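**Q** Sequence:
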Amino acid sequence: DSLQIQYPFAEPGTTPTRGIYGTDDRIEVKDAEGYEDFVRATVVMVHKSYLVGDSFFKSRTLRDRLSSQFETDKFARDVKFLDQPTLGTCTGFLIAPDILVTAGHCINSMEEANNYYWVLDYTSESEFVQDKYVKIEPENIFEVERVIASKLDDDTVEDYAVLQLTKKTDRTPYRFRTSGKAIVKHPIYTIGSPTGLPLKFATNAVVKDTIPDNFFVTDIDTFPGNSGGPVFNQNGFIEGIHVRGTTVRDAMGYRTSSYIYDPKCNCVKNVKYTKKQTQYGGGEAQTINQIPYWILYKAIYENLEYAIANNLEDRFYSWYAYNWIFNHWYADDKGRLEIVAIENNNRTALETILELTKEELTDEQSRLILNAALNSDTNETLKFLLDSGLLPDAGEDYTYTLLQTLVMNNKFDMAQLFISYGADINAVTNGGDSLLHLAAQTGNKDMVVSLLKMGLSVNSKNYRKKRPEWTAKKNKHKSLSRYLKKVRKGKITV
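Quick note: the sequence shown, position 338, residue 339 per this note's numbering, numbers continuous.
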């Protein structure tokens, strides 16, 4: 039988088609070929009290930390990274330029968030001065603006936090699953700060179980400090948030993944798990698409908005995988992305989005998009929209038609364009003013003459019984008023 894999990027809610296990497979992130963007989008939580100046953080080596904890300076050969700093407390990852996700037990309130920085590029290549200070460039140090959402509930086994940073990063955020489930027995990876170490890439793991829906079980190599880190599949999109390491039971009782003192060798060793020892099946990850849907909408929208506004074509097409967002209520509420494209003169994005949305646009949506094009003041964009099928008279609930708006704003070229696409030249305002009245109000004789040639009557009266010549005179366009009067009396032929 063939494996049926559910599409991972469908709208949420729709049906779409910690421990070491055996060998320690953690490697330096610099050696994780092909995953550079993921490393750059992974952040580490550091207590603010560690900062010295504007770019150095106090830290100690893993060797010093474990020696103090276990009161020995002997280590088994499988204990790696002993001379690296242990700066981090938790891990997180970017899902938008200024939005990160972590575990709820790392941050569950703004009061907690105020105690920590989140840093980028904390890797084995970071400068570690005198084995005491880690240098992080100031532009890679971030604070939390607000806690967008958080949950830490043992009963429902929910453990996540979504945080907004005080400034945007320049990193490419992770994409994430919005539909379906992680696939049992499929490869899974994580990047994190185990025991506070510089970011490590953990490989050679699989999804073991996906029941219940809100978390899944893996055999990935993680330690305390990995909490909140990204758990992603071989295609690079997030399946979940690492929240719990494995718990095992042996002669020494229950314990989670980390290090252990072994009296046989009088040394510190890694905790290793076998299937027989594993009580709950492995480490656990909070399923990413089980956090509130509106957060996923927000992240998707903001990534597309950022890509469009900054003309990042590759990023735009990457996030286009979530193209259902274009006609989603969230986009209507925050601002149609077609409008974002128009306002930022991003024709490629506009064409791509409109190709998908044009058949489903409502009258109101069409009007909003055309309004944006009017404000951009480019006939080329307007012509493209009209060629794409948007109706020139869209906006039946508006006080003025688009054509009336153009005439009132003295945009003759655009008005002619709309007329050429069939805009209603006979529509009148709530006060009974014809297009000729509106043109007379501006004093634009060329527009007046053009409308007369199209058949509009110089004798037309509004609901106050006033002709266009009166409107011109009232607005101090005396020569135009005299011209209209002569036309009405037959002294001039148009």
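One or more hints might be untrue.
No more than 35 Å apart at the CA atoms, straight line, and that leaves these computed lysine-lysine pairs for DSBU-like [stated by the list, open to error]:
| hint | residue 1 | residue 2 |
| --- | --- | --- |
| 1 | Lys486 | Lys466 |
| 2 | Lys412 | Lys169 |
| 3 | Lys477 | Lys490 |
| 4 | Lys273 | Lys359 |
| 5 | Lys59 | Lys49 |
| 6 | Lys186 | Lys168 |
| 7 | Lys75 | Lys270 |
| 8 | Lys186 | Lys273 |
| 9 | Lys136 | Lys169 |
| 10 | Lys412 | Lys466 |
| 11 | Lys299 | Lys273 |
Label pairs and their computed distance ranges (CB to CB) [said to hold, decoys possible]:
| hint | residue 1 | residue 2 | range |
| --- | --- | --- | --- |
| 12 | Lys335 | Thr73 | 31 to 39 Å |
| 13 | Ser377 | Glu356 | 18 to 26 Å |
| 14 | Thr15 | Gln131 | 49 to 57 Å |
| 15 | Thr15 | Met111 | 46 to 54 Å |
| 16 | Asp156 | Asn115 | 48 to 56 Å |
| 17 | Val185 | Thr73 | 37 to 45 Å |
| 18 | Tyr331 | Lys384 | 55 to 63 Å |
Don't read these hints as lab results, they were simulated from the structure.
Fair warning: this is a prediction, and the values are worked out from it, not measured in the lab.
The C-beta atom is built at its ideal place from N, Cα and C for all residues, glycine as well.
**Q** Can you name, in rising order, the numbers of the hints this structure does not satisfy?
**A** 2, 4, 6, 11, 12, 15, 16, 18
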